[in-house]
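Number of protein chains: 2
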Amino acid sequence: MSTAEKTEILPTDIATETRQAPKRVRRSAEEARRLILDAAEKRLATQGPEGIRLQDIARDVGISHPAILHHFESREGLVRALIARTSAQFRDKMLGALQDRNGHQLEAGELIESVFEALSDRGTARLLSWMMLTDRLTEATSSRALMTEISNAIHSRRVKEAEKNAAPTPDREDTMFMAMLTANAAFGDAIIGRHLAEEAGLDHDGIIRFRRWFAQLLAEHAEHHDHQRKD
Amino acid sequence: MSTAEKTEILPTDIATETRQAPKRVRRSAEEARRLILDAAEKRLATQGPEGIRLQDIARDVGISHPAILHHFESREGLVRALIARTSAQFRDKMLGALQDRNGHQLEAGELIESVFEALSDRGTARLLSWMMLTDRLTEATSSRALMTEISNAIHSRRVKEAEKNAAPTPDREDTMFMAMLTANAAFGDAIIGRHLAEEAGLDHDGIIRFRRWFAQLLAEHAEHHDHQRKD
DNA sequence: GTAGATATTGACAATCATGTCAGTATAACA
DNA sequence: TGTTATACTGACATGATTGTCAATATCTAC
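Order-wise, the sequence lines are chains X and D. Per UniProt numbering, the very first residue in the first sequence carries number 1; after that it's consecutive. Per UniProt numbering, the very first residue in the second sequence carries number 1; after that it's consecutive.
No wet-lab data here; the hints were simulated from the structure. All C-beta atoms, glycine included, are put in the ideal place defined by N, C-alpha and C. Each hint should be verified, as a subset may be incorrect.
As the list claims (entries may be wrong) - Quick look at which bits of chain X chain D covers, simulated, 3 or more residues with Cβ under 8 Å: (1) 60 to 72; (2) 147 to 153.
Stated by the list, open to error - Pairs of lysine to aspartate or glutamate, EDC-like flavour, derived with a Cα cap of 20 Å: (3) X:K42 / D:D135; (4) D:K42 / X:D135; (5) X:K93 / X:E149; (6) D:K42 / D:D121; (7) X:K160 / X:D171; (8) D:K42 / D:E76.
Said to hold, decoys possible - Pair ranges (Cβ atoms, derived): (9) D:R27 / X:K93: 50 to 60 Å; (10) D:R26 / X:G62: 49 to 59 Å; (11) X:D174 / D:E107: 50 to 60 Å; (12) D:I208 / X:N152: 15 to 25 Å.
All chains should be built: construct the whole structure from the sequences, respecting the hints.
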């Protein structure tokens, strides 16, 4: 059985008798790119940046590694495409969180929760921070003015709320700082949160409590300014 | 001049006439290790993780790359040593910030500022986040219970403050959350802060304002709880 | 069916980084 | 001054990974 098939049989025999149908799978370019990106993303999430190796990813998908190069030009092209896709997904999640499915706007606490949630996915956090570490901001054009956009949306709510309470109009920068703090904190949480929580002896509930606590902190801050006060 | 020295002269001649003293630099093991770590740190800061290549670092120091292997066993050994050193430095900075040079304790705002400051150094932030991204927490034993330690120090101050004001004793978890938030925010700031600030159109002063704003936010929160209130 | 486009492959090339080794130079010490 | 320990080097081995190329299989359109 060992050598029979390949050494004994002549080319003609191969063509006529022995040769089983090659059954090569052929996907659409789009489908192939998707599968490759999925595999790359998973590798990045589980093994970190060095886990993105063409051979390994090819094996995961069940193709040969030149196929990846065919679809993405180079390894760098693959990385760029992965960053672009993840950034876009993240952006969609964030913008989606601004309005729930009924078109209602989420309240601040839920919004904060969704920021943490979107980043807590291991792959996303790792990809974004890797992107920062390697100076690849360029390809993330899709999330360019994301924070400003969100900040503006929140600010207009605050202004309304303040008007309703006959309170002084909140400072735009104050809102921007709230957004920045949330972004920073969620990002930091995604990377060292687990470590810090473990060190502090916090279980899963503790982590949830922390997020609630943070949302509450910001809520109190906003209330303090946007509701009328005697001073 | 081109070939004269090396091709025409026989070994004996080399030994007697032409040979200039080899003047090989020989440092103490400690000194050599320090120089190598310095170079590696600089590479990491400017070029990211992939910048740590034995040949490049060797060239920076002015030695051959096997010399690095001689001192650190392997590339991985170098990375571990670098992580260990940076973690230890970070820890020292943090613990030092708890008490200024007069033995006085820094107040909260200054403490927060120093956390951000310590991490804003590009090398430190990059190294620590790279450490997280690649699951190398192990070698950072020196900063094991750092946050807990700091949190405890701050908490004891809060308790005193509350006693002084005849306010209810603050919750230990509340203080822990303040510490966690600060750590998360400083960490996130170190990685995406520059990007966010740019997007928001903040200049350097704006960044400083943000940190002050954050310190103020926490201060207000603590005051709100630790000073006696009518409710 | 035939033809053209292209997704896919195996084999190979080229580069590059880590690590090994035997030998050399230098400092410390007797 | 001679001996020893070891920091250091050049040349080479090794292995891994990206990238190239010609050939092949499969799909779509005519």
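Outcome of the hint check:
Counting residues of the stretch 60 to 72 of chain X whose C-beta lies closer than 8 Å to any C-beta of chain D gives 0; at least three are required, and the coverage claim is violated. By the rule of at least three residues with a Cβ nearer than 8 Å to a Cβ of chain D, the coverage given for the stretch 147 to 153 of chain X holds, with 3 such residues. The hinted pair formed by K42 of chain X and D135 of chain D meets the criterion: a straight-line CA distance of about 16 Å does not exceed 20 Å. Under the criterion of a C-alpha separation no larger than 20 Å, the hint pairing K42 of chain D with D135 of chain X is consistent with the structure, at around 16 Å.
Straight-line distance between C-alpha atoms of K93 of chain X and E149 of chain X comes to about 13 Å, which keeps the hinted pair within the 20 Å bound. For the proposed pair K42 of chain D and D121 of chain D, the alpha carbon gap of about 11 Å is at most 20 Å, so the pair holds. Distance hint between K160 of chain X and D171 of chain X is fulfilled; the C-alpha atoms sit about 13 Å from each other, no more than 20 Å. With a C-alpha separation of about 17 Å, the suggested pairing of K42 of chain D with E76 of chain D holds against the 20 Å cut-off.
As the Cβ distance of R27 of chain D to K93 of chain X is approximately 53 Å, the hint placing it in 50 to 60 Å holds. Between R26 of chain D and G62 of chain X, the C-beta spacing of about 55 Å keeps the proposed range 49 to 59 Å intact. Between D174 of chain X and E107 of chain D, the C-beta spacing of about 23 Å breaks the proposed range 50 to 60 Å. Distance hint check for I208 of chain D and N152 of chain X: the Cβ-Cβ separation is about 23 Å, which falls inside the suggested range of 15 to 25 Å.
Hints 1, 11, counting from the list given before, are not met by this structure.
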